[in-house]
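Student: Sequences listed follow chains A and B, in order. This note's numbering puts the first sequence at residues 6 to 183. This note's numbering puts the second sequence at residues 54 to 479.
Take the hints with a grain of salt, since some may be wrong.
[Unchecked claim] Derived pair list, reagent style PhoX-like, types lysine-lysine, alpha-carbon separation capped at 25 Å:
hint, chain 1, residue 1, chain 2, residue 2
1, A, Lys132, A, Lys143
2, A, Lys9, A, Lys52
3, B, Lys56, A, Lys59
4, B, Lys56, B, Lys102
5, A, Lys133, A, Lys9
6, A, Lys10, B, Lys102
7, B, Lys320, B, Lys56
8, A, Lys52, A, Lys143
9, A, Lys52, A, Lys10
10, B, Lys161, A, Lys52
11, A, Lys62, A, Lys52
12, B, Lys452, A, Lys62
13, B, Lys343, A, Lys33
14, A, Lys33, B, Lys125
15, B, Lys452, A, Lys33
16, A, Lys33, A, Lys132
17, B, Lys320, B, Lys122
18, B, Lys131, A, Lys33
19, A, Lys62, A, Lys143
20, A, Lys9, B, Lys210
21, A, Lys121, B, Lys210
22, B, Lys61, B, Lys395
23, A, Lys62, A, Lys10
24, B, Lys125, B, Lys343
25, A, Lys52, A, Lys167
26, A, Lys121, B, Lys320
27, B, Lys161, A, Lys167
[Claimed, not checked] Partial selection, computed: residues in chain B whose CB lies under 7 Å from chain A:
hint, residue
28, Pro91
29, Val92
30, Phe106
31, Thr109
32, Ser121
33, Ser124
34, Ala127
35, Gly189
36, Glu196
37, Val203
38, His236
39, Val239
40, Ala302
In case anyone wonders, no lab produced these hints; they're calculated from the structure. C-beta: ideal position from N, C-alpha, C; glycine also.
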Amino acid sequence: MNGKKVFEGPAIFLDRSDINTDEIIPAKYLTEVTKEALQPYMLEDLKLEGFDPKGDKLRNARVVVSRENFGCGSSREHAPWVFEVNGVHTIIAESYARIFRQNMFNGGMLAIELPKADLDRLFDLEKKGEVTISVDLKSQTITAATAVTTEAFSFEISPFDKALVEAGGWVEFADARY
Amino acid sequence: MGKTITEKIFEAHLRDEPFPGTMVLDLDRVLCHEITTPVAIADLAWRGKDRVFDSTKIKAVIDHVTPSKDSKTATQAKMLRDWARRHGIRDFFDVGHNGVCHALFPEKGYIRPGFTVIMGDSHTCTHGAFGAFAAGVGTTDLEVGILKGVCAFRTPKTIRVDLVGQLPEGVYAKDVILYVIGHLGVNGATDRVIEFRGSVVDEFSMEARMTLCNMAIEAGGTCGICMPDMTTVDYLWPFIAGEYASREAALEQYRQWCSDEDAVYEKVLQFDVSTLEPQVTFGYKPDCVKPVAEMAGTPVDQIYIGTCTNGRIEDLRVAAAILKGKKIADSVRGIVSPATPKIFNDALQEGIIQIFMDSGFCVTNPTCGACLGMSNGVLAEGEVAASTSNRNFNGRMGKGGMVHLMSPATAAATALTGVITDPRQA
Numbered sequence: 006m007n008g009k010k011v012f013e014g015p016a017i018f019l020d021r022s023d024i025n026t027d028e029i030i031p032a033k034y035l036t037e038v039t040k041e042a043l044q045p046y047m048l049e050d051l052k053l054e055g056f057d058p059k060g061d062k063l064r065n066a067r068v069v070v071s072r073e074n075f076g077c078g079s080s081r082e083h084a085p086w087v088f089e090v091n092g093v094h095t096i097i098a099e100s101y102a103r104i105f106r107q108n109m110f111n112g113g114m115l116a117i118e119l120p121k122a123d124l125d126r127l128f129d130l131e132k133k134g135e136v137t138i139s140v141d142l143k144s145q146t147i148t149a150a151t152a153v154t155t156e157a158f159s160f161e162i163s164p165f166d167k168a169l170v171e172a173g174g175w176v177e178f179a180d181a182r183y
Numbered sequence: 054m055g056k057t058i059t060e061k062i063f064e065a066h067l068r069d070e071p072f073p074g075t076m077v078l079d080l081d082r083v084l085c086h087e088i089t090t091p092v093a094i095a096d097l098a099w100r101g102k103d104r105v106f107d108s109t110k111i112k113a114v115i116d117h118v119t120p121s122k123d124s125k126t127a128t129q130a131k132m133l134r135d136w137a138r139r140h141g142i143r144d145f146f147d148v149g150h151n152g153v154c155h156a157l158f159p160e161k162g163y164i165r166p167g168f169t170v171i172m173g174d175s176h177t178c179t180h181g182a183f184g185a186f187a188a189g190v191g192t193t194d195l196e197v198g199i200l201k202g203v204c205a206f207r208t209p210k211t212i213r214v215d216l217v218g219q220l221p222e223g224v225y226a227k228d229v230i231l232y233v234i235g236h237l238g239v240n241g242a243t244d245r246v247i248e249f250r251g252s253v254v255d256e257f258s259m260e261a262r263m264t265l266c267n268m269a270i271e272a273g274g275t276c277g278i279c280m281p282d283m284t285t286v287d288y289l290w291p292f293i294a295g296e297y298a299s300r301e302a303a304l305e306q307y308r309q310w311c312s313d314e315d316a317v318y319e320k321v322l323q324f325d326v327s328t329l330e331p332q333v334t335f336g337y338k339p340d341c342v343k344p345v346a347e348m349a350g351t352p353v354d355q356i357y358i359g360t361c362t363n364g365r366i367e368d369l370r371v372a373a374a375i376l377k378g379k380k381i382a383d384s385v386r387g388i389v390s391p392a393t394p395k396i397f398n399d400a401l402q403e404g405i406i407q408i409f410m411d412s413g414f415c416v417t418n419p420t421c422g423a424c425l426g427m428s429n430g431v432l433a434e435g436e437v438a439a440s441t442s443n444r445n446f447n448g449r450m451g452k453g454g455m456v457h458l459m460s461p462a463t464a465a466a467t468a469l470t471g472v473i474t475d476p477r478q479a
């Protein structure tokens, strides 16, 4: 079901805390039984100054950068899936709601936590233009580049979450082990 | 060093510790509903793993949209129904027998102290009221739960919340939990279990404890949990009478799970509820909480009484006592959804359904209904709801709609006036 996941590409910056699962994918679309059917509805109900859920910036994004408690609310895995089917396999935020974070790793995707100071640096970088981000899971580093500058960040990831990404998700990991 | 109830449950269910800090637990219950399970069923089939680990430990219900409202929801229901039949899952609840999962499964006696429980629904934390470790999970965790009977968690940390004092008249468990969430914040308990303790919890019914635990997730909590005691035994007695010589014997066994006196907590908070007033949310986050008095007079369009938070018989009794012999305001629509068929029937026998209908309420079948805007009772753009549910996100009950969370008493008082009203004034 999953294509090859790439943890790099243009980033979109959502400068708000507590972005919830209803904003990521409204409940009315939970009547779908395939991931692919969710594709047009990513962040449809998110109201944020300058953000257009139908705009090119979101369509081209491969990485989402946000603030605290990203993905709070529902357990719906449709939230990570709507990112996945739009080619967004990496989220970078200060913190996550537990279920959303686990859903990301369970699907072999990345929910990276950075301290506030690092996130502030990333948000500053955005003011200088389009930011492209790439993640090296092995060395646990993030490279963020604009046309004029490049910055590096290191991050922590639990060994379990790292193993899930490497295994391609929790089903594969669990089925091989239990 | 003593252990918390959660640490004891983790230790007793530990299957594997693949990495430091990650505990893979054996599961006693895997609960399913028709919104998040069909995707798991489809994915398991696609992987060639259309199996279940133990059909007696899996329970399933159609509750979010029932009876089905269109072809898509009918397909979801059919997928769950066919799967339950295929695998001999006998505890499957369909139209005529179904109700809100977090009310129905406890009512059937499926949740016991010391159990590990997962479900693809964030409010699974409700079941912690029985002294079980119960966590909401996504579809992939559910899939692995169905297939292998295990789920992975981080080593638990616990915040202990002591509730002391005497709860005033007109103030209920819902007001207490709204107040606690207002204090903790929406991520104040992320990756934590909230252990509810104190004389107030000791005196609470199982239903009130479920209301407390139900909203642990609104502070980010993995589970809300209460100590099993005689109230727990009494609730479960019809289901466990054959297993124990006496209630005391059951209690003695259940007590083994209780947190030790010298258990270590990350944080201990104490709230004296003696001066607590009825609470209500404003804004779009469950931690935006104020006393009702400060929001009094705010007009609403729809009243919703029901859901996994407050659709139980006690809740309906409280609301009906306020509505009895009165009419709801012309400016509002009232909707009540008893959470299970048993609750509906009890309400019928007690004359509560009649009171709701006489006051002008629409009584629906047991369902999650209006709570999450996927079924009946959706709000129009710009409309405001007074609701006994647990989540007030922007557009939750319908795009452009606003939700104020409150107790059944406050909701009933608000129905009578059409504006947010302190139930003590009703």
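Student: Hint by hint, say whether it matches the structure.
Tutor: Hints, one by one, checked against the model:
1. Distance hint between Lys132/A and Lys143/A is unfulfilled; the C-alpha atoms sit about 29 Å from each other, more than 25 Å.
2. For the hint linking Lys9/A to Lys52/A, the alpha-carbon distance of about 31 Å lies beyond 25 Å, and the restraint is violated.
3. Straight-line distance between C-alpha atoms of Lys56/B and Lys59/A comes to about 51 Å, which puts the hinted pair past the 25 Å bound.
4. Pair hint Lys56/B plus Lys102/B does not hold up; C-alpha atoms about 38 Å apart against a cutoff of 25 Å.
5. For the hint linking Lys133/A to Lys9/A, the alpha-carbon distance of about 31 Å lies beyond 25 Å, and the restraint is violated.
6. Restraint check: the Cα-Cα separation between Lys10/A and Lys102/B comes to about 23 Å, which is no more than 25 Å; the hinted pair holds.
7. Distance check on the hinted pair: Lys320/B and Lys56/B sit about 14 Å apart at the alpha-carbon level, within 25 Å; holds.
8. A threshold of 25 Å between alpha carbons decides the hint, and for Lys52/A with Lys143/A the separation of about 36 Å lies outside it, so the pair is violated.
9. At most 25 Å may separate the alpha-carbon atoms for a hinted pair to count; Lys52/A and Lys10/A exceed this at roughly 28 Å.
10. Between Lys161/B and Lys52/A the CA atoms are separated by roughly 42 Å; this puts the pair beyond 25 Å, and the hint is violated.
11. Simply put, Lys62/A and Lys52/A have alpha-carbon atoms about 15 Å apart, close enough for the 25 Å limit, and the pair holds.
12. Distance hint between Lys452/B and Lys62/A is fulfilled; the C-alpha atoms sit about 23 Å from each other, no more than 25 Å.
13. For the suggested pair Lys343/B and Lys33/A, the alpha carbons sit about 30 Å apart, so the restraint of at most 25 Å is broken.
14. Between the alpha carbons of Lys33/A and Lys125/B the distance comes to roughly 11 Å, so the proposed pair stays at or under 25 Å and holds.
15. For the hint pairing Lys452/B with Lys33/A, the CA-to-CA distance comes to about 10 Å; that is within 25 Å, so the pair holds.
16. The straight-line distance between the Cα atoms of Lys33/A and Lys132/A is roughly 35 Å, outside the 25 Å bound, and the hint therefore fails.
17. Distance hint between Lys320/B and Lys122/B is unfulfilled; the C-alpha atoms sit about 46 Å from each other, more than 25 Å.
18. With a C-alpha separation of about 18 Å, the suggested pairing of Lys131/B with Lys33/A holds against the 25 Å cut-off.
19. The hinted pair formed by Lys62/A and Lys143/A fails the criterion: a straight-line CA distance of about 29 Å is larger than 25 Å.
20. For the given pair, Lys9/A sits about 35 Å from Lys210/B by alpha-carbon distance, which is inconsistent with the 25 Å threshold.
21. Of the pairs offered as hints, the one joining Lys121/A and Lys210/B holds, with about 23 Å between alpha carbons and a cut-off of 25 Å not exceeded.
22. For the proposed pair Lys61/B and Lys395/B, the alpha carbon gap of about 33 Å is over 25 Å, so the pair is violated.
23. Pair hint Lys62/A plus Lys10/A holds up; C-alpha atoms about 20 Å apart against a cutoff of 25 Å.
24. Using a Cα cut-off of 25 Å, the hinted pair Lys125/B and Lys343/B is violated, with the two alpha carbons roughly 39 Å apart.
25. This hinted pair does not check out: Lys52/A and Lys167/A have alpha carbons roughly 32 Å apart, beyond 25 Å.
26. Distance restraint check for Lys121/A and Lys320/B: the Cα-Cα separation of roughly 23 Å lies within the 25 Å cut-off, and the hinted pair is therefore satisfied.
27. Taking the CA atoms of Lys161/B and Lys167/A, the gap is near 40 Å; set against the 25 Å cutoff, the hint is violated.
28. The beta carbon of Pro91/B comes within 5 Å of a beta carbon in chain A, closer than 7 Å, and the hint placing it at the interface holds.
29. Hint status for Val92/B: holds, given a least beta-carbon distance of 6 Å to chain A, under 7 Å.
30. Interface restraint check: Phe106/B against chain A, minimum CB-CB distance 9 Å, threshold 7 Å, status violated.
31. The restraint placing Thr109/B at the interface with chain A is violated, with a minimum CB-CB distance near 19 Å, outside the 7 Å limit.
32. Below 7 Å, beta-carbon pairs count as interface contacts, and Ser121/B has none with chain A, the closest being about 10 Å; its hint is therefore violated.
33. The restraint placing Ser124/B at the interface with chain A is violated, with a minimum CB-CB distance near 9 Å, outside the 7 Å limit.
34. A hinted interface residue such as Ala127/B counts as satisfied when its beta carbon comes closer than 7 Å to some beta carbon of chain A; here the least separation is about 10 Å, so the hint is violated.
35. Satisfaction of the interface hint for Gly189/B is found here, the shortest Cβ-Cβ separation to chain A being roughly 4 Å, below the 7 Å cut-off.
36. Taking 7 Å as the C-beta contact cut-off toward chain A, the hint placing Glu196/B at the interface holds, the least distance being around 6 Å.
37. A cut of 7 Å between beta carbons decides the hint on Val203/B: the least distance to chain A is about 6 Å, and the hint holds.
38. The criterion of a C-beta within 7 Å of any C-beta in chain A is not met by His236/B, whose closest approach is roughly 16 Å, and the hint is violated.
39. Here the hint on Val239/B is kept, as its CB sits about 6 Å from the closest CB of chain A, short of 7 Å.
40. Restraint check, Ala302/B versus chain A: the minimum CB separation of about 35 Å is more than 7 Å; hint violated.
Going through the hint list in order, the structure does not satisfy hints 1, 2, 3, 4, 5, 8, 9, 10, 13, 16, 17, 19, 20, 22, 24, 25, 27, 30, 31, 32, 33, 34, 38, 40.
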